[in-house]
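Residue numbers (the UniProt record's numbering): 1 to 330.
Just so you know, the hints here were simulated from the structure itself, not pulled from any lab data.
A couple of the hints might just be wrong.
Each computed SDA-like pair below joins lysine to any residue, with the alpha-carbon atoms no more than 20 Å apart [stated by the list, open to error]: (1) K65 to R201; (2) K42 to F19; (3) K107 to S62.
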Amino acid sequence: MTKNQPSPQADPQASPQPFRRGEATLMTTIDEFSQVTRAMRKAGKPVCLVPTMGALHEGHLSLVKAAKAMPGAFVAVSIFVNPLQFAEGEDLDAYPRTLDSDVEKLKAAGVDAVFAPSAREMYPNGPRTTIHPGPAGAILEGEHRPTHFAGMLTVVNKLFQISHCDHAFFGEKDYQQLVLVQQMVNDLNMELRVHGVPIVREGGGLALSSRNVYLSDEERELALTLSAALTAGSFVAEDGAEAVLSTARAILDDAEGVEVDYLALRGTDLGEAPETGDARLLVAARVGSTRLIDNVGVPIGVGFKNLDPEQGAGGPDAAAPAAPDAAPQS
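Produce the complete structure using the sequences and hints provided.
Here it is, written out as structure tokens:
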């Protein structure tokens with residue numbers, strides 16, 4: 001499959017399913033999905049969107065749970081493997097596509113609608129207009145995947161417009177994505193609120209990811225090095241930024257078979273890390289042929305033991321504060 005071909009998802013020519021709330025009704029055309037979300041908003045139901053690329057796991061379902069917690073919410077999940085955010089040589093063709101099982105999981109979770117368009121439905125004229133992420137999209141992931149965030153923001157913008165959503169939910173595992181989506185919402189005066197949802201981890205600490213299916217048993221053990229390094233770094237936060245980075249780096253350097261792309265300590269907005277206060281420690285590395293990312297909040301110069309128990313370090317809303325121009329629509 002080339003980038004110009006539609007992703008193997010639901011047949012866009014299939015007859016529309018009767019819509020029933022809470023039964024994860026599958027929709028494949030923009031017109032059908034948009035009509036339903038418009039009707040829900042007109043009925044006073046806040047539209048809550050969870051954008052995904054499918055291959056759903058408990059991390060995605062935690063986003064659904066957060067969306068369903070909104071009073072009166074109409075919860076929609078989009079499933080679209082977006083070709084614009086994959087560069088040549090990346091895993092577009094191999095990316096896991098499990099639409100049938102995804103819909104079953106969403107039905108069990110009580111989702112109202114599933115929007116699973118083809119690439120042709122989303123880009124009938126090709127990628128003629130795209131969103132540029134600006135300087136914050138050129139660092140970290142952007143340095144290693146220079147076209148990724150333009151593709152991501154373009155499809156997210158389209159999904160926001162198509163769904164007319166009041167709220168959108170993103171996981172903190174893709175932290176830079178979360179920051180850039182909030183930046184786009186603020187800069188373009190979009191009338192919706194972006195919610196960050198904490199990372200869900202396996203028992204050993206590995207952050208859940210659809211790409212974890214690529215890992216062998218041995219590689220899965222190696223992948224635990226990422227969360228171990230982040231945890232160790234965060235636990236010396238009281239000693240300052242240099243201690244955080246050197247502690248995390250030492251653990252990564254000791255792990256044979258883990259090839260680090262970057263380890264960085266940044267402010268919660270991905271600017272320069274503060275001397276004291278909330279920051280984010282981020283890592284990207286290859287384990288075998290699989291590229292993984294992870295991150296953790298770090299209270300620099302404070303340390304976890306000195307935190308107010310009601311506050312966290314770089315918590316779910318730290319990267320994406322609600323701004324006046326990003327308030328929910330009425």
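Now for the hints, and whether the structure bears them out:
no., hint, verdict
1, K65 to R201, "16 Å, holds"
2, K42 to F19, "16 Å, holds"
3, K107 to S62, "14 Å, holds"
Hint violations for this structure: none, all hints satisfied.
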